[in-house]
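Asker: The task is simple: from the sequences and hints, build the whole structure.
Protein sequence lines, in the order shown, are assigned to chains A and B. Counting along the first sequence from 1, when you hit position 93 you're at 504 in this note's numbering, and nothing is skipped either side. Counting along the second sequence from 1, when you hit position 76 you're at 487 in this note's numbering, and nothing is skipped either side.
These are calculated hints, taken from the structure and not from any lab test. A couple of the hints might just be wrong.
Which copy is meant is left open, so a pair is good if it fits within one copy or across any two.
Said to hold, decoys possible - Straight-line C-alpha distance at most 25 Å; calculated PhoX-like pairs for lysine-lysine:
no.: 1; residue 1: LYS447; residue 2: LYS525
no.: 2; residue 1: LYS525; residue 2: LYS469
no.: 3; residue 1: LYS463; residue 2: LYS496
no.: 4; residue 1: LYS525; residue 2: LYS463
no.: 5; residue 1: LYS422; residue 2: LYS496
no.: 6; residue 1: LYS469; residue 2: LYS422
no.: 7; residue 1: LYS525; residue 2: LYS473
no.: 8; residue 1: LYS447; residue 2: LYS496
no.: 9; residue 1: LYS416; residue 2: LYS470
no.: 10; residue 1: LYS416; residue 2: LYS469
no.: 11; residue 1: LYS471; residue 2: LYS496
no.: 12; residue 1: LYS525; residue 2: LYS512
no.: 13; residue 1: LYS469; residue 2: LYS496
no.: 14; residue 1: LYS422; residue 2: LYS471
no.: 15; residue 1: LYS471; residue 2: LYS416
no.: 16; residue 1: LYS463; residue 2: LYS422
no.: 17; residue 1: LYS496; residue 2: LYS473
no.: 18; residue 1: LYS473; residue 2: LYS463
no.: 19; residue 1: LYS496; residue 2: LYS470
no.: 20; residue 1: LYS530; residue 2: LYS512
Quick caveat: nothing in here was measured; it's all calculated off a predicted structure.
Number of protein chains: 2
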Amino acid sequence: MIPEKMLEVLKNEGVVAIVTQGQEVHVVNTWNSYIKITEEGTLLIPAGSMNKTEENIKKKDKVLVTIGSREVEGFHSMGTGFLIKGTGEFSYEGEDYDIMKESFPWMRAVLRIKPSEIKQTL
Amino acid sequence: MIPEKMLEVLKNEGVVAIVTQGQEVHVVNTWNSYIKITEEGTLLIPAGSMNKTEENIKKKDKVLVTIGSREVEGFHSMGTGFLIKGTGEFSYEGEDYDIMKESFPWMRAVLRIKPSEIKQTL
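Answerer: See below:
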């Protein structure tokens with residue numbers, strides 16, 4: 412289940428961090444506005460390069476994602492963030508790929524992240 | 412040396428990701444506006460809780476940081492980001508602590524990150 416507040420965050424622009432760990436811990440960024448969420452609650456992220464992220468996921472599919480926005484109210488004041496734990500995989504075809512490719516013609520693959528835990532951190 | 416464009420990014424609000432790896436890879440966030448940079452180019456970040464980050468750094472001081480802003484021009488279009496590799500340490504007193512404590516009275520420590528590499532990623 413994707414929390415309502417997280418959907419609200421995604422409506423505001425911001426920097427997303429995607430952390431993977433294969434041989435070496437790596438972090439790559441995307442924008443809030445690039446993320447689409449499927450009916451099943453899978454995060455779809457367009458991959459332009461993200462080569463190191465892809466290599467890492469092949470070795471270990473565990474992914475950490477953070478997103479946030481200063482424009483959405485958090486626990487204490489304006490500004491909230493989410494830490495998403497999940498598993499990732501790159502797809503090069505299929506329905507999710509086609510949907511994303513339409514919005515992001517430059518992408519070479521779609522990174523699909525299935526959240527196992529979503530935690531509001533702020 | 413801190414790139415001019417990174418200083419420009421820090422003038423815009425956004426979400427910062429701080430990745431550490433001790434026993435378990437962890438990511439925590441802060442805001443662009445919370446970061447101060449010393450004359451020597453050390454990043455100063457106020458730590459409210461960040462307990463897991465602190466534990467991790469005690470075991471391994473390697474830190475990855477990403478910052479970005481959609482409002483600053485990148486390589487291809489609007490929006491740029493930086494990946495900073497460096498080493499981190501928590502300080503509970505001293506000049507850097509005092510400077511930060513004045514702006515962030517809620518902080519319990521200052522996280523000092525010395526960059527070894529700063530790369531513009533977008």
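Asker: Hint by hint, note whether the structure agrees.
Answerer: Quick rundown of the hints versus the structure:
1. In the homo-oligomer, the alpha carbons of LYS447 and LYS525 lie at most 25 Å apart inside one protomer (12 Å), although the nearest pairing across protomers, at 35 Å, exceeds that limit.
2. Proximity of LYS525 to LYS469 under the C-alpha cut-off of 25 Å is restricted to the intra-copy arrangement: shortest distance 15 Å within a copy versus 31 Å between copies.
3. In this assembly of identical chains, the alpha carbons of LYS463 and LYS496 lie at most 25 Å apart whether taken from the same copy (19 Å) or from different copies (15 Å).
4. In the homo-oligomer, the alpha carbons of LYS525 and LYS463 lie at most 25 Å apart both inside one protomer (19 Å) and across protomers (24 Å), since each shortest distance falls under that limit.
5. Only within a single protomer do LYS422 and LYS496 lie at most 25 Å apart by alpha-carbon distance; the minimum there is 21 Å, versus 30 Å between protomers.
6. Proximity of LYS469 and LYS422 under a CA criterion of 25 Å is satisfied in neither setting, with 31 Å inside one chain copy and 37 Å between copies.
7. Proximity of LYS525 and LYS473 under a CA criterion of 25 Å is satisfied intra-copy only: 10 Å inside one chain copy versus 28 Å between copies.
8. In this assembly of identical chains, LYS447 and LYS496 lie within 25 Å of each other by CA distance solely inside one copy; the values are 17 Å within and 29 Å between copies.
9. Taking the closest pair of Cα atoms, LYS416 and LYS470 never come within 25 Å of each other, the shortest separation being 32 Å inside a single copy and 34 Å across copies.
10. Within a single copy, LYS416 and LYS469 get their C-alpha atoms no closer than 31 Å, and across copies no closer than 34 Å, so neither meets the 25 Å cut-off.
11. Taking CA atoms no more than 25 Å apart as the test, LYS471 paired with LYS496 passes in both settings, with 13 Å inside one copy and 22 Å between copies.
12. Proximity of LYS525 to LYS512 under the C-alpha cut-off of 25 Å is restricted to the intra-copy arrangement: shortest distance 19 Å within a copy versus 39 Å between copies.
13. Taking the closest pair of Cα atoms, LYS469 and LYS496 come within 25 Å of each other both inside a single copy (17 Å) and across two copies (23 Å).
14. Taking the closest pair of Cα atoms, LYS422 and LYS471 never come within 25 Å of each other, the shortest separation being 30 Å inside a single copy and 36 Å across copies.
15. Taking the closest pair of Cα atoms, LYS471 and LYS416 never come within 25 Å of each other, the shortest separation being 29 Å inside a single copy and 34 Å across copies.
16. With identical chains, the CA atoms of LYS463 and LYS422 are never at most 25 Å apart, being 28 Å at best within one copy and 29 Å at best between copies.
17. In this assembly of identical chains, the alpha carbons of LYS496 and LYS473 lie at most 25 Å apart whether taken from the same copy (8 Å) or from different copies (21 Å).
18. For a Cα distance limit of 25 Å, the shortest separation of LYS473 from LYS463 qualifies both inside one copy, at 14 Å, and across copies, at 18 Å.
19. Taking the shortest alpha-carbon separations for LYS496 and LYS470, both the intra-copy value of 17 Å and the inter-copy value of 22 Å come in at or below 25 Å.
20. For the identical chains of this complex, LYS530 and LYS512 are neighbours neither inside a copy (29 Å) nor across copies (28 Å), given an alpha-carbon limit of 25 Å.
In this structure, the hints that do not hold are numbers 6, 9, 10, 14, 15, 16, 20, in rising order.
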